[in-house]
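Student: Just so you know, the sequences run in chain order A and B.
In my numbering, each number is its position in the first sequence, counted from 1, plus 2.
In my numbering, each number is its position in the second sequence, counted from 1, plus 720.
Some clues are possibly wrong.
[As the list claims (entries may be wrong)] DSS-like mimics (lysine-lysine), calculated; alpha carbons at most 30 Å apart, straight line:
#	chain 1	residue 1	chain 2	residue 2
1	A	K84	B	K1049
2	A	K117	B	K814
3	B	K814	A	K71
4	A	K210	A	K5
5	B	K861	B	K948
6	B	K814	B	K948
7	B	K1007	A	K162
What the hints contain is simulated information worked out from the structure, not anything from laboratory work.
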Amino acid sequence: MIKLENIHKTYFGAQPLHVLKGINLNVEEGEMVSIMGASGSGKSTLLNIVGILDNYDDGDYHLAGHMVKDLSENQAAEFRNKYIGFIFQSFNLIPFKTALENVALPLFYQGVGRKKRNALAMEYLDRFGLKDWADHYPNELSGGQKQRVSIARALVTSPKIILADEPTGALDSKTSAEVMQILRDVNATGITMVIVTHERGIANLTRKIVHLKDGLIESIEENDPDKMDFTKEIK
Amino acid sequence: MFDLDSITEIWQTITRNKTRSILTAFGVFWGIFILVILLACGNGFDNGMRSNIEGFSTNSTFMIPNYTTEAYKGYQKGRYWNPDMSDIEAIKMKIKGVDMISPILTEYSYNGDNNVFFGTKGGNFSMKGVLPNYNDIDRCKVLYGRFINETDINEGRKVCVLGKKVYEDVIGADKNPLGLMIKANGIYYQVVGVIEPYNSNITVSGSMDETVVLPMTTMQLAYHNGDKFDFFVFTTARGYKTKDLQEEVKTLLRERHDIAPTDEGAIMCFDFEQMFTMFDYLFLGIKILIWIVGIGTLLSGVVGVSNIMLVTIKERTREIGVRRALGAKPALIIRQVVAESLLLTILAGIVGLVIGVSIMAVVSGFVGNTPSEDVMFLDPQIGFGAAVAATVIIVLSGLMAGVLPAMRAIQIRAIDAIREE
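Can you make the complete structure from the sequences, with help from the hints?
Tutor: Encoded structure:
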């Protein structure tokens, strides 16, 4: 599903910063992978490149069989909309839109009609137990509810991949466990999932843990999440 | 380009950020509001001033004899001359482009005392001898009876038409004046009509309101003028130039009255058209000034909209970034921002237009919209054309205001939304 070959990325600021120094990574369809690393290790940059939010300098990136390189803004937008669902640490819901409207927004950009859009969005909200909260604005929701809305938003376009950047970073341990359970359930339906985190407990719930250090993959750890005790892992 | 969905999306963004939208739109509202008020006031003054000259033929020229300033054909300079009825005929025959021509003879009270009487009541008024067509140049409303007619002229009837004030002062407003005999400068005339000038701001040797009007021939007989008169007025026919006509008439008069061809002083010429043209230019100037000031105000409003939109775009980095991450294409973001600006300005502009027009309608109700005496301000409303122009300006300015913020918005990349502060 995701195939990265020798990806290089340098930020040119006052001092050029070579963030990714040749990343090689394969993520198969239906896998659940976490990327770990200290801050500055390049994990967010990697996620941005995988999410086609940022471009890379050198190497090759194939997404679902398509070569992703030097895309125009329009092509990138289309790819994102079609293949990728994003989940952010701070949820990034649009504050003046209701839960339902937030979930329906990606469909709006796909050109789906209003009725169908809202029906589909409502279906996803219902799936995460938020049907009664559909008409609420984000500031009327709890952190866990907000993250569930954003998961619904990420899923509503039926993407191939979910990219989650510290999805539990702003949540307490109980809701973190809930959100992780949801992500695992989603993964169980066959959607590839890549989670960036610096919490070992979260990473332990994924099948593959990629350790990044100084712009290189240090090691890839195989893991069996089913052996893990949820409440123990997430504190 | 704008389907219902997009409009709903834009409408939502505007209405759910009320404070921001109202602040943004206020500049344009204010610009249009001021423009409408200014235009309406300009029209009010224009209408007011024009109502003051209404009823008077604006293309008329008065020709008034004066002492000659050059000796000619054995005559000394300083000779006085009078035009006569044959001059009128000659001008009519020889000069093309003279539409109407009307001689005038005037008399006043000899010693400044009352000269017009009905019974014992009297007043001091001027008298004017005219032909029937005089009422086509210095138009008056006939309140009672009629104006001087051809039969009066042909038979030299001793009849008169009274100005309204003469009638009210001498006869009394409660009496039917028709058929009554009044005495003017010692001679009795039968009243056949009462007139009121449409406007009392332009007067020819005294307001028609305070004039006893006589048939020209009667007056010439009564005052031993032969067929001479004091001065005359003519109007220019459509398609002719007043200036050219004046020269032709002057040349003809000089020939007929042995005045030197170079004598500019012997014939005084009072050109209303020139005065009214000045008037027109004055109001054109005011109008241009109003548009400049109004559009200037509007432009600062537009700059305001653009400015606030720019700031809000910065504020909305996250929102726009998220939209980008969710698959919004750059063109869609541009469309959204421009459409927001357009919708805001159009709404604000229309509100400004409606409120401005409403206020001026109320003001108009107070100052009135019917011509009356001495009004400076009349019917201050904007025309349909101005309203359409204002609307076009609103739309254009909305587009203009949206361009810069839209350019800024597409520079926001999806990644900017993801970055944690």
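Student: With reference to the structure, classify each hint as holding or not holding.
Tutor: Going down the list of hints, with the structure as the test:
1. K84/A / K1049/B: holds (13 Å)
2. K117/A / K814/B: Cα-Cα ~85 Å, so violated.
3. K814/B / K71/A: violated (92 Å)
4. K210/A / K5/A: Within the cut-off at roughly 15 Å; holds.
5. K861/B / K948/B: holds (28 Å)
6. K814/B / K948/B: holds (20 Å)
7. K1007/B / K162/A: Roughly 65 Å between the alpha carbons, so the hint for K1007/B and K162/A is violated.
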